[in-house]
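Below are the chains, spelled out letter by letter.
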Amino acid sequence: MALRTAVAAFALALSFVGIADAAPRTDLRIGLVLEPPALDPTAGAAAAIDEVVYQNVFEGLTRIDETGAVQPALASSWDVSADGLSYTFHLVEGATFHDGTTFDADDVVFTYGRITAADSVNAQKALYAGIDSVTAVNANTVEIKLKGPDGLFLFNVGRGDAVIVAPESAANNANTPIGTGPFKFVNWQKGADLTLEQYAGYWGTKPALTKVTYVFINDAAARVNALLAGSIDGINNTDASTLPVFKADPRFKVVVGSTEGETLLVQNNAKAPFSDLKVRQAIAHSLDRAEIIAGASSGYGTPIGSHFPPHSKDYVDLTGTYPYDLDAARKLLAEADYPDGFSATLKLPPVPYATVGGQIVASQLAKVGIKLTQVNLDWNQWLTDVFTNKDYDLTIISHVEPFDIGIYADPNYYFGYNDPDFQAIMKQLNETTDEAARKELLIAAQKRLAEQAVNGYLFELAQTGVWSAKLEGMWQNAPVEGVVLSGIHWTE
Amino acid sequence: MIRFALTKFLGLAATLLVAAAITFAALDILPGDPARFILGINATPDAVAALREQLGLDAPALQRFFGWIGGMFVGDFGLSYTQGQPVGQLIAGRLGVTIPLTVIAMILSAGIGLPIGILAARRRGSFADAGLMVLAQLGVAIPNFWFGMLLVLLFSVTLRWLPPGGFVPWGENPFAAFASLILPSIALALPQAAILARVMRTALVDVQGSDYIRTARAKGLTLSEAVWKHGVRNAMLPVLTILGLQFAYLVAGTVIVENVFYLPGLGRLIFDAISARDLILVRSSVIILVLAVIGTMFLTDLAYAWVDPRLRSRKAE
Numbered sequence: 002m003a004l005r006t007a008v009a010a011f012a013l014a015l016s017f018v019g020i021a022d023a024a025p026r027t028d029l030r031i032g033l034v035l036e037p038p039a040l041d042p043t044a045g046a047a048a049a050i051d052e053v054v055y056q057n058v059f060e061g062l063t064r065i066d067e068t069g070a071v072q073p074a075l076a077s078s079w080d081v082s083a084d085g086l087s088y089t090f091h092l093v094e095g096a097t098f099h100d101g102t103t104f105d106a107d108d109v110v111f112t113y114g115r116i117t118a119a120d121s122v123n124a125q126k127a128l129y130a131g132i133d134s135v136t137a138v139n140a141n142t143v144e145i146k147l148k149g150p151d152g153l154f155l156f157n158v159g160r161g162d163a164v165i166v167a168p169e170s171a172a173n174n175a176n177t178p179i180g181t182g183p184f185k186f187v188n189w190q191k192g193a194d195l196t197l198e199q200y201a202g203y204w205g206t207k208p209a210l211t212k213v214t215y216v217f218i219n220d221a222a223a224r225v226n227a228l229l230a231g232s233i234d235g236i237n238n239t240d241a242s243t244l245p246v247f248k249a250d251p252r253f254k255v256v257v258g259s260t261e262g263e264t265l266l267v268q269n270n271a272k273a274p275f276s277d278l279k280v281r282q283a284i285a286h287s288l289d290r291a292e293i294i295a296g297a298s299s300g301y302g303t304p305i306g307s308h309f310p311p312h313s314k315d316y317v318d319l320t321g322t323y324p325y326d327l328d329a330a331r332k333l334l335a336e337a338d339y340p341d342g343f344s345a346t347l348k349l350p351p352v353p354y355a356t357v358g359g360q361i362v363a364s365q366l367a368k369v370g371i372k373l374t375q376v377n378l379d380w381n382q383w384l385t386d387v388f389t390n391k392d393y394d395l396t397i398i399s400h401v402e403p404f405d406i407g408i409y410a411d412p413n414y415y416f417g418y419n420d421p422d423f424q425a426i427m428k429q430l431n432e433t434t435d436e437a438a439r440k441e442l443l444i445a446a447q448k449r450l451a452e453q454a455v456n457g458y459l460f461e462l463a464q465t466g467v468w469s470a471k472l473e474g475m476w477q478n479a480p481v482e483g484v485v486l487s488g489i490h491w492t493e
Numbered sequence: 093m094i095r096f097a098l099t100k101f102l103g104l105a106a107t108l109l110v111a112a113a114i115t116f117a118a119l120d121i122l123p124g125d126p127a128r129f130i131l132g133i134n135a136t137p138d139a140v141a142a143l144r145e146q147l148g149l150d151a152p153a154l155q156r157f158f159g160w161i162g163g164m165f166v167g168d169f170g171l172s173y174t175q176g177q178p179v180g181q182l183i184a185g186r187l188g189v190t191i192p193l194t195v196i197a198m199i200l201s202a203g204i205g206l207p208i209g210i211l212a213a214r215r216r217g218s219f220a221d222a223g224l225m226v227l228a229q230l231g232v233a234i235p236n237f238w239f240g241m242l243l244v245l246l247f248s249v250t251l252r253w254l255p256p257g258g259f260v261p262w263g264e265n266p267f268a269a270f271a272s273l274i275l276p277s278i279a280l281a282l283p284q285a286a287i288l289a290r291v292m293r294t295a296l297v298d299v300q301g302s303d304y305i306r307t308a309r310a311k312g313l314t315l316s317e318a319v320w321k322h323g324v325r326n327a328m329l330p331v332l333t334i335l336g337l338q339f340a341y342l343v344a345g346t347v348i349v350e351n352v353f354y355l356p357g358l359g360r361l362i363f364d365a366i367s368a369r370d371l372i373l374v375r376s377s378v379i380i381l382v383l384a385v386i387g388t389m390f391l392t393d394l395a396y397a398w399v400d401p402r403l404r405s406r407k408a409e
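Quick note, the sequences are listed as chains A and B, same order. Going letter by letter, the first sequence gives residues 2 to 493 in my numbering. Going letter by letter, the second sequence gives residues 93 to 409 in my numbering.
So here's chain B without its partners, still in its complex pose:
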């Protein structure tokens, strides 16, 4: 188990390093001079040169890359070009939106998707099953930003129950802060809930035909009891995999949803930073997200190995 964890951990570190190199290189190749962007088209060349020097943009690429990596080890993410503030501080300020948003969306997608999947599997072939699966198909197809706009039209413009966007800080009014996250998290969760419902249904249908369900029924359980006691738990394995993967999709979805609901989250920070060529801010934010995603996968792997002994032993051979 320890050896398994260690191997996985080394893999994680290598992935991070590769991600850092790719992010750095990709952004460095991008055309565009941050100093010219900040000062605009009427600035004199010497003013632009002065700013380039202030921002440290004139150093060679390798030097900047290792300076950045080295800084991150001691928690120094650098200074934002456009905002002049420590990147770590800017990112930290956005987590109060993005983390709750992602968590609520995750809970919502599981809370909506799983019961629908189970219900559809239990009523396989019925009208309810067909209807629910059509809905799920729609849910997968609808883009989350468009669904978000529909939610705003109904709940903010027409009914006026919830704010159409923006964010009240948690410290100022926690209820209002939560209220500002309701519509965005629903918009973010819907496509994921639809995917979960389909996976859950398929997994459960597979399980229902398996030998151990037949054995359980032979021991005198009803089909419902057999499915609940043995089926759902086994069907959860593929669902857990999907849940782990979904985290990455949710994080990517925040970039769009935070823009539609003008929330001050990490996704919008990255979006704005890319537009303004605030390269150091983009790089560090992307690395934080990469870390969060592969960290989640690392934990999922560990949980898997712990639940399923076959995985461990195969690795140990």
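Just chain A, with the same shape it has in the complex:
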């Protein structure tokens, strides 16, 4: 029996793999680390949802491009009133949902009504709380009125959380997503893979790819093997530690870019001793960012000095605010009445940059007498203990939301940071739409956070993708969560 099985296996194996590619391919197999729990981006925060559907299956009124700029999508243009309170969107004509129903102003009204409803389960509901009313002026025009000016409104409209859904199909989007995008959902073999195909009735430019399969592989070694064996053509973001294998192999190209993920040593500002500015400054002086990046992220990542991504046009380099200086750190600790340091716990979520980074941070802080006990948590424990109950001293986490500097203005946020000066800057920023004035305010905000040493600012998380060398058009940076397929094509 065993022998027969082996012979059969061999024969099968030969028939299974003998497919050679000659003409330029139009299909693509992408590896994803996590499988999305469901496919409705307006009812869940999982990045995997956006990686599959954002700009592929679903589109918003606007979209975010590779540089993080806002571009027209289902709205071909828009007018903003002088007071910044009224946005009039002119919708594209001829767009249809994948089930054949027409896209019009009513779908927009329905979508935003669903996001702002009392029983809404939108993960970013707070971003759209400033919407006062959404009205269909006619079939192709929508007017959105805001309660107050919002400098980020057009960006938020372009996020995965605000993609346009139809009243006919919205309830089933979790398992059979129906959008207006260039790709339509075909099949989801749960636990294994998910297939999209080009939508023939797409209103815009047709993509080069006709069929895209996402393969879900959560084991790092299995991902490497799948790439090497050619069973997937690329991975958008994979462990930096595995990159040397692919750099040396001409069949692959490694695409390194930036994300919106500020990796922080978060300090519980509401709790002693971290409520003491001198203690926070001492910690900032004790952190050697280069060593942390080398160890926690295999050398990929850009040092940051505040809570802002280095690729942004409004970024200012503040890594020199509290340079690595152990003597300065010890002096500050002594001034804060901790001449021999103190003990604290470091609660870590289950991601390599945190578990490995935690060890490095602990050894660095030990040099000035701060003794850390590391506690490894799973995601749910982290969300409950650290994020919700604020029962922690220190943690390491990457904040991956774009334009999220505003979280520091919320005194109830788990940072426990209550600073009226910073809150004033943010309030003014929200009410400012002039680009130059916004830039000035954003720089002031970054400086305030750096000087206050609210958190230990470590590095901006890198996006490290591995793709077949014959593929072009992938996004290098990740200004929003997603794997946008429309530009990807095979060169041969």
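Calculated from the structure, these hints are not laboratory results.
To be clear about the criterion: a stretch of chain B counts as covered by chain A if any three or more of its residues have a C-beta under 8 Å from a C-beta of chain A, and this derived list gives those stretches:
| hint | segment |
| --- | --- |
| 1 | 134-144 |
| 2 | 166-178 |
| 3 | 181-188 |
| 4 | 234-246 |
| 5 | 249-261 |
| 6 | 360-371 |
Keep in mind the model is a prediction, meaning the values are calculated, not measured. All C-beta atoms in this analysis are idealised placements derived from N, C-alpha and C, irrespective of residue type, glycine included.
Fit chain B to the supplied structure of chain A, relying on the hints for placement.
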């Protein structure tokens, strides 16, 4: 016999109920809010509260426990928190991978382990015996996920004979579906084959020294004939016990092997569900597995009692 079966059956039911209670309690104690997990760290508290209510998480624990047990009696396993689909449907969709995987691994482990055990016993003390037992020891020691990776490196990356993982549904291409299960089932079967080989060898060596083999030889059979006709059949009794127990180990092994080979099976479903705190999905999947394992043991017990009359009579007294 009927009384014996009935007693065993009642034991099975009691075990299931206890397992259900333990599973429920253990998962309920686990920290973590599924609603917060689904919506992430930027969600407002009222959005999280709205989702908790939708998922029925705000009901008291006892009410949820009996609701769950009661539902299972009528085949309703509840709705998955994260996927919004009936749990029964999600589990059923995974059986097409896990059942064939377990069965193939079971056949492989017996097909490899038993002949090696017999061979080693027959050549007891020889080089072949020593060599085979060293191999078996290695087989027990090597973790199945690591062995699986070695198989992938050789057969998928280097030779490119078999896929490195993933699964093609049976309905789409049965040959490709089978091909995707070859490496995982070998990885799953190896440690079990090694254990079987050692048990088989020991059992057979014991039997060879027994009186009835000596009697059979005295009646004029050669040692080989005596061992084959009388020895192997008797030695199979302890081996059968191990085979029954192995089923539980194979099922547990699928959790790891299905992750390494990214197969859409029940083991991976449970693994992902635990990470996402999809408690209702974890609970129901675990109960299905418990049912499968103790069901197998129930059948093994019955088969035993049927084969070995001593067991029956002792129970009947």
